[in-house]
Amino acid sequence: MQERIVSKIGNNVINLLSLTAKKIGKKVDFIKRRDKAKIAPDVFSKVLILGYLSDIKISLHGLSQLFKQEGVKVSKQAVHERFNPAAVELMKGLFKESFDQLKNAQSVVIELLQPFSSIKILDSSTIALPSHMKELYKGCGGVGPEATLKIQTLLDYGNGQIEDITITDGRKNDQSFKRHLEKIEEGALYLQDLGYFDSESLSKLHKNKAYFISRLFTQTALYDINGERLDLAKKLQKSGRFFTIDVFLSKQHKVPVRLIIQRLSEAAMATSIRKIRENARRHGKTPTKATLNFSGWSICVTNIPKEMLKEEQVYLLYAVRWQIELFFKLCKKEAGFAKIRSKKTDRILCEIYARLIGVMLLLYMSWPVRWEVGGEHELSFPKAYQCLRKRTAGFFKALSSLYRLKLFLKDFLSDLQAFAMKDIKRKNPATHQKLMASTGQKVLGVKLAPYQKLMWDVSQT
Numbered sequence: 001m002q003e004r005i006v007s008k009i010g011n012n013v014i015n016l017l018s019l020t021a022k023k024i025g026k027k028v029d030f031i032k033r034r035d036k037a038k039i040a041p042d043v044f045s046k047v048l049i050l051g052y053l054s055d056i057k058i059s060l061h062g063l064s065q066l067f068k069q070e071g072v073k074v075s076k077q078a079v080h081e082r083f084n085p086a087a088v089e090l091m092k093g094l095f096k097e098s099f100d101q102l103k104n105a106q107s108v109v110i111e112l113l114q115p116f117s118s119i120k121i122l123d124s125s126t127i128a129l130p131s132h133m134k135e136l137y138k139g140c141g142g143v144g145p146e147a148t149l150k151i152q153t154l155l156d157y158g159n160g161q162i163e164d165i166t167i168t169d170g171r172k173n174d175q176s177f178k179r180h181l182e183k184i185e186e187g188a189l190y191l192q193d194l195g196y197f198d199s200e201s202l203s204k205l206h207k208n209k210a211y212f213i214s215r216l217f218t219q220t221a222l223y224d225i226n227g228e229r230l231d232l233a234k235k236l237q238k239s240g241r242f243f244t245i246d247v248f249l250s251k252q253h254k255v256p257v258r259l260i261i262q263r264l265s266e267a268a269m270a271t272s273i274r275k276i277r278e279n280a281r282r283h284g285k286t287p288t289k290a291t292l293n294f295s296g297w298s299i300c301v302t303n304i305p306k307e308m309l310k311e312e313q314v315y316l317l318y319a320v321r322w323q324i325e326l327f328f329k330l331c332k333k334e335a336g337f338a339k340i341r342s343k344k345t346d347r348i349l350c351e352i353y354a355r356l357i358g359v360m361l362l363l364y365m366s367w368p369v370r371w372e373v374g375g376e377h378e379l380s381f382p383k384a385y386q387c388l389r390k391r392t393a394g395f396f397k398a399l400s401s402l403y404r405l406k407l408f409l410k411d412f413l414s415d416l417q418a419f420a421m422k423d424i425k426r427k428n429p430a431t432h433q434k435l436m437a438s439t440g441q442k443v444l445g446v447k448l449a450p451y452q453k454l455m456w457d458v459s460q461t
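Counting in my numbering, the sequence shown runs from 1 upward without gaps.
If you're looking for bench data, these hints aren't it; they were derived computationally from the structure.
All C-beta atoms, glycine included, are put in the ideal place defined by N, C-alpha and C.
Please note that a few of the clues may not be correct.
[Unchecked claim] Capping the alpha-carbon separation at 35 Å, the derived lysine-lysine pairs in DSBU-like fashion look like this:
id : residue 1 : residue 2
1  : Lys251    : Lys275
2  : Lys183    : Lys96
3  : Lys235    : Lys251
4  : Lys92     : Lys26
5  : Lys339    : Lys57
6  : Lys103    : Lys27
7  : Lys406    : Lys68
8  : Lys103    : Lys329
9  : Lys251    : Lys285
10 : Lys204    : Lys134
11 : Lys57     : Lys390
12 : Lys390    : Lys339
13 : Lys172    : Lys22
14 : Lys310    : Lys434
15 : Lys410    : Lys8
16 : Lys434    : Lys103
17 : Lys343    : Lys73
18 : Lys254    : Lys207
19 : Lys332    : Lys344
20 : Lys134    : Lys339
21 : Lys209    : Lys310
22 : Lys343    : Lys96
23 : Lys134    : Lys434
[Stated by the list, open to error] DEER-style ranges, computed between Cβ atoms:
id : residue 1 : residue 2 : range
24 : Glu182    : Arg4      : 27 to 35 Å
25 : Gly284    : Lys383    : 37 to 45 Å
26 : Lys310    : Gly284    : 36 to 44 Å
27 : Thr286    : Glu200    : 24 to 32 Å
Can you build the whole structure from these sequences, using the hints too?
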């Protein structure tokens, strides 16, 4: 079992960085007759991905040294000139292919999540860019940077993989983002922040037999079972600390949902008000009185029937959305998205795609040890990224053959088990442990069994 899984991971990695890179390079006409430095597309992409993985601030000189290791002697100037539109298309195409080629077939089994075919988390994060890129990637406005790009991300929590990433300019608001609705998975649960709240989008999820949990946009029209407009603010004034209501969302779409409402503590309310004021200030606005009045409540909206999920469990599941924030933190801190200092537009875009592919490779290769047997220990992706960074030179050499890559993967997974697991926190359990505890589950489900055997075998090597 160990050999089969490691072989599959190794094969997919080599195919992506070799065969697929060559195929895309030919399609985008990466090598042109006038090019002085005949750098093959697979060599170019591999050097960029592993170069930025090994050193988030790698220079043109550092890249030229890596090219030399691959048998291509080029100057710093030649590397600089190689960052062109064709190079951007190569890295962009390779990044898109990574979603299909670096995908795990199995997912962890947590009993609370069993009613759903998958758990999809939608969120976005912005990256500041040099001001000369403001025409290509407009900023968010207000006091922020003039040029920003936004990474719209769909994360599958069950298999720990990124299902899709779309790059837009920073000014495009989340509510207008609809790409995740192009292919809705029946039975899946979609978790999204308030910024994505849109009655039409939620209606489409519901009609396609998918589920959702979202915070409520309080200006949305709500109707009771008799079709009468509901005055939510008035109802909150007469309500207790925790209650739920069955309503219809919007007069046009009439989405049947549950409102699950909980009064916040004084400290949480103060934090909520501070965030509302700060967000309004960044956009040059002033929060309305109605918005501030609702700040004392946490209001979730879902189309999940109460027979499937209790009210308290809805809040527990919505908290899973935090996992995507860990992905963004990994991108910005470890992968260096916050440290892009290049000036040339094509080089910046190539850097972004190379860094993203590096993160995708980490998530894919480290999946077998994402959890220890039983689920007591969980992998720390920042620690895992640091382990991979230290081993980049070995990874570089291992890509020359499947045999070498399999040996590398076994040693790498062993290192992750020894040095990259999170510390156990009894007072503040991990997310998956809280989900398990809600149903009394003791160990992770049987679908993880093949990987459990892999973990045991790796620990013995």
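Review point. Holds or violated: are the alpha carbons of Lys134 and Lys434 at most 35 Å from each other?
Key: The hint is violated at about 43 Å.
Practice item. Mind checking the alpha carbons of Lys339 and Lys57 for me, to see if they're no more than 35 Å apart? Key: This hinted pair holds, its Cα atoms lying about 7 Å apart.
Check your understanding: Can the restraint linking Lys254 and Lys207 be considered satisfied, given a maximum Cα separation of 35 Å?
Key -> holds, 11 Å
Check your understanding: Straight-line Cα separation of Lys57 and Lys390 no greater than 35 Å?
Key -> OK: Lys57 and Lys390 at ~15 Å, within 35 Å.
Check your understanding: Does the structure keep Lys390 and Lys339 at a Cα separation of 35 Å or less?
Key -> holds, 19 Å
Point to revise | 35 Å limit on alpha-carbon distance, applied to hinted pair Lys235 and Lys251 | key: Since the Cα atoms of Lys235 and Lys251 sit roughly 19 Å apart, the hinted pair holds (cutoff 35 Å).
Practice item. Given the range 36 to 44 Å, decide if the beta-carbon distance of Lys310 to Gly284 lies inside it. Key: holds, 42 Å
Exercise for review: Given the hint that Lys343 pairs with Lys96, test it: the Cα-Cα distance must not exceed 35 Å.
Suggested key: Distance of about 25 Å is within 35 Å: holds.
Point to revise | Restraint status (C-alpha distance of Lys183 to Lys96 at most 35 Å) | key: Satisfied, since the Cα-Cα distance of roughly 16 Å is no more than 35 Å.
Point to revise | Given hint Lys285 paired with Lys251 - CA-CA distance at most 35 Å | key: holds, 28 Å
Exercise for review: Given the hint that Lys172 pairs with Lys22, test it: the Cα-Cα distance must not exceed 35 Å.
Suggested key: Judged against 35 Å, a Cα distance of about 34 Å means the pair holds.
Point to revise | Pair hint Lys332 and Lys344, alpha-carbon separation not exceeding 35 Å | key: holds, 20 Å
Violation of the numbered hints given earlier is confined to hint 23; every other hint is satisfied by the structure.
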